[in-house]
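Bring the two chains, given one by one in their own frames, into a single complex with the hints.
Residue-level listing of the chains:
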Amino acid sequence: MVDNVLEIDNLTVRFHLKRGDLTAIDGMSFSVKRGETFGLVGESGSGKSVTARSIMRLIPTPPGEIVSGRVLFNGQDIYKKSDAEMRAMRGSEVAMVFQEPMSALNPVFTVGSQISDALRTNMGMNKAEANERVVELLQLVGIPSPGSRLDSYVHEFSGGMRQRVMLAMALSCDPTFLIADEPTTALDVTIQAVILDLIRSMIERFNMSLIFITHNLGVVAHACDTVGVMYASHLVELASTKEIFANPQHPYTVGLLNSIPRLDKQTKFLTPIKGLVCNMMDPPTGCKFHPRCDHAMDICKSINPPMKEVAPGHFAACHLHDM
Amino acid sequence: MSEYLLEARNLKKHFMLDNDTVSRLAGKTRTLKAVDGIDFAVRRGETLGLVGESGCGKSTTARLITRLVEPSAGEVLFKGENLLEFKRAKMQQTRKSIQLVFQDPYSSLNPRKTIMQILSRPLEVHKLAANWVEKRRRVLELLNLVGLGEEHADRYPHEFSGGQRQRIAIARALAVDPELIIGDEPVSALDVSIQAQVLNLFRELQEKLSLTYIFIAHDLSVIRHISDRVAVMYVGKIVETGNVADIFDKPQHPYTKALLDAVPDADPMVEPPKLTLKGEVATPIDPPPGCRLCNRCPIATDHCSQVMPELVETSKDHFVACHNL
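Those protein sequences? They're chains C and P, same order as listed. The first sequence maps to residues 1 to 323 in the numbering used here. The second sequence maps to residues 1001 to 1325 in the numbering used here.
Isolated chain P, as found in the complex (with noise of 0.2 Å):
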């Protein structure tokens, strides 16, 4: 079996955009690149951490990795198998492996639904409850494994805070017993002292039944905690990936290196955040041909605007997309 749970291949999505009669015989159709062709790869029981600014790919990757958006090209390998020529029925056997847990747990809960009801309906549609008693075990089963009671399960979303809500929302991905969990930028909306909390169970849930995570978010303290690995994405591309401990002390590419120093870190008596990157994120739309990073980066040439850099191992693990290293 191969080293890797999951693994993308050169995964691309386009969006074709002003994409009608008229334009297109006009041929002023345009091509917005949300993701351009990324490689990475999870291992059984490591947490990769996706991080980037808003609008670079994080989220759409995580629906293409789940089929809730269909790629315009490349691979997804789960254990071994490319999950993007599934039929339709062995597709829904493996979304039961893979499950997502969204950033708003206020829209992410249907809020006429009691939470035993929000929780059934996974074991409904797999058909993993046999009778009524069996899924109410189940339901309480989870509830407690994400901190919650049985005094919980009959009420609805609005009678729980954020952090709570959240807490169902893993219940639920929890409830088909998944291998790999994606969180989508999962703590943003939680309060600090909140977000302490639900980070925790994530890390002792992982232990507990020994999951695979893919967790998305745009903090970069958040990824540097729960993370063995990470992939840091810029306008569609990945631009560095490697182990956290490389990633944040040995950071290569402009851009990670950047993104760093912009972080105040809690605490007056380090650094001050600097500025090292001038203007505003390239647009995804009909991209030029060089590196994404090359209008705003302090080290590129005339090369970095035409070509565009290939993931290259620069130490063990640990690859850059860049020019100039």
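Okay, chain C solo, but in the shape it has when bound (with noise of 0.2 Å):
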């Protein structure tokens, strides 16, 4: 049971808007273990950041709603838990990685003061210590001459060396649980390429938890042990990345893969998933796929498919596996 730290089971949740109900995420269920990297991939709006923000309750009740289902966290039912509860377990236990730093950070604090803000908080130290902290913690992450950059602000770094203080927050007080969402969509590919190398050393180095959310599925080949993938809030396929790439079985995952231009190879047509993302304010019916999809059956334009497991640790939604 210990076994994994994270487990959400049947997650609904919901956001009640004034042109109607949108429903973000509908029965997702999936764990993650200790020291294991999940990946989460999916285009924009297939609802992997509300998925983040629901394990981290910071889904804003209203509008949203979690309609049903439980977000476990050590076994322990977080929507249970008390708001002072929840606020000790956010930073020391989960802690979060945005995708803008710019935004995410406070551009009218120094980079020092906002890190060692979390470390009074949560760690009850005094200000000698957590500064004492943070210089630890920035060149943990590779910033050159820590202590010098303490007073600095946000405006004063390159959008790498943001992601690195975004980093050093995050792991200021020691989480067990890392949540990274598109940490590296906004930066240069050598960037990106030295900010994964950091994550990575860094979940090794304490044996973390991680769950990455990524459109980029090259980022997912090599930085996730397990991949998840999101369409119209619905989770269609789950498997190791070695299994996902090698061998997909639902149909998006399988044109997704089929959309990327390679760059080991040039082929002069690409193969695109046919037609657009349906509209979350008003989706299919059955599976919210099926519009799209070359293998559509009747069955698939009422039920919406559950997921099953097609191979040992593979799980599809899809019909095409009832037959």
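Hints listed in this document are in silico derivations from the structure and should not be mistaken for laboratory results. Heads up, the beta-carbon is just placed ideally off N, CA and C, and yes, glycines get one too. Incorrect hints may have been included.
Facing chain P, according to a computed beta carbon distance under 7 Å, are these residues of chain C, among others [to be verified]:
(1) Leu217
(2) Gly218
(3) Phe269
Quick list of in silico lysine-lysine cross-link-like pairs, DSS-like style, CA-CA up to 27 Å [claimed, not checked]:
(4) Lys33(C) to Lys242(C)
(5) Lys274(C) to Lys1208(P)
(6) Lys1113(P) to Lys18(C)
(7) Lys1257(P) to Lys268(C)
Listed below in structure tokens is the structure:
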């Protein structure tokens, strides 16, 4: 049991908006083991970031509502915790790295004061202890001459350096679980490689678990142990990274893999997925992917397929596997 | 006629910073060398891919060849004539042949105009339609060309998804029958499944209308897919240029190599990304005289920090700017 640090069980999150209800996550289940890196892929609007925020209990209610399901962290349902317990958990047990370091960090406070803020609140350190720890953290994430950067503001750092600061802040209270929401999307490839390497070494060094949210399949292929693929608020496929790339079972995953231009060979035309992503305010009935699917059958239009184990440890939600 | 449709020679754009009287008197003005003497040429019907990281001068280059930003020095030869010497009226005529497609389809379309109005505008500016009927016919033809239909003509941009908007932006560029289309990161804002559709559209249109492309992107796999020839930029300079296969299979410049090594391929069985460059990108503000990569380069020597390497042809059509080959 203790094996799984995080367990999400049939989670459904809905937003009540003026224009109507929007189901952002629909019946999602997965778990993350200690030391595991779990990749969550999908296109914009598929529900990746809402998943991350619901684990941190950062969904604003209203307009959001946890309709059903549980999020178990170390066996405890986080939605049964008090606000104070939750605050104690954020930062010291689960921490998050966001995509846009410029908007996630505060421009009017120095980097040193932002990081030490968390240390003084969560770990009860005094100013001197906190500053000492901040220098240590900045050193850890590879910021040159960290002592002199304590009084710098965010705009004085480059994109890659800001992401290092974000990471230092996330690591500040020794979390056991890290959620990285598109941490390298805003960065150039050479800087992306550096940050990926850094995240990986931190994970190994502190034996943390990681949920890595991205739309970049290249990043997933090299950074994650397990991959979950999301489409229109549903988890449609779940397997080890090797298995997903070698043997994708859901037509959406197959389509996604065929859509990416390859670096090692040139092809004249790509094989895109036909059609457009569905409107989440008015999703299709049955399987959400059926209007774009080449294999769609009658049953796909009426019944949403459940997740099914198609090979050991490999799950896919598609009616093709019922036959 | 020249073999090349467009040729840039020693093209430069220097922005003056702190250019006020006090700083000038104190001799404290600084120069941002966004594009610092680049040469490239595009043959008729081919695609030149321009690749590099943010801030390397790719987008400035696109704006220089369309004269949306006036170059500080150099020549841009379009069909053998120097664009930069054109008077206003002639330049406007020439703009008909060179069109731009921008990165962000959310900010490049006017939210208050219908698609019909957006696509009619270039026809009106260049007086390409005699009357309303002809204009409408041409707009519908353009919509068909990019995979949209008549039913889309009277809608507003907010009713479309990112991929569809980019199709509209492409239709607008095509409205004036251009010969050269410059795409400034035209697929970077799109999700992969949609990106593939738009890349295929670019290909189809090129074949159908025999277009020439300059395609700017930071995504190397997109560049590999779409380009015939590639120019790699780093801090205002072209460091390597050649055929797409040469650049990707036989890269010679340390920066090109590092760039290729850093891309994670979407296949867990191939080698993971490697880091061969240390440190941060050099600043284009008052850069030191030598090679712009010398502070990060694994094979840099003292000579590299003193003298800027010139592009040298190392094999047929493959040019590299490096002292240590």
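Hints, one by one, checked against the model:
A least Cβ separation of about 4 Å between Leu217(C) and chain P falls short of the 7 Å threshold, and the interface hint therefore holds. The restraint placing Gly218(C) at the interface with chain P holds, with a minimum CB-CB distance near 4 Å, inside the 7 Å limit. Look at Phe269(C): its Cβ gets to within about 5 Å of chain P, closer than 7 Å, so that hint holds up. Taking the CA atoms of Lys33(C) and Lys242(C), the gap is near 18 Å; set against the 27 Å cutoff, the hint holds.
Using a Cα cut-off of 27 Å, the hinted pair Lys274(C) and Lys1208(P) holds, with the two alpha carbons roughly 21 Å apart. Note on Lys1113(P) and Lys18(C): the hinted pairing holds, with a Cα-Cα distance of about 26 Å set against a maximum of 27 Å. Straight-line distance between C-alpha atoms of Lys1257(P) and Lys268(C) comes to about 24 Å, which keeps the hinted pair within the 27 Å bound.
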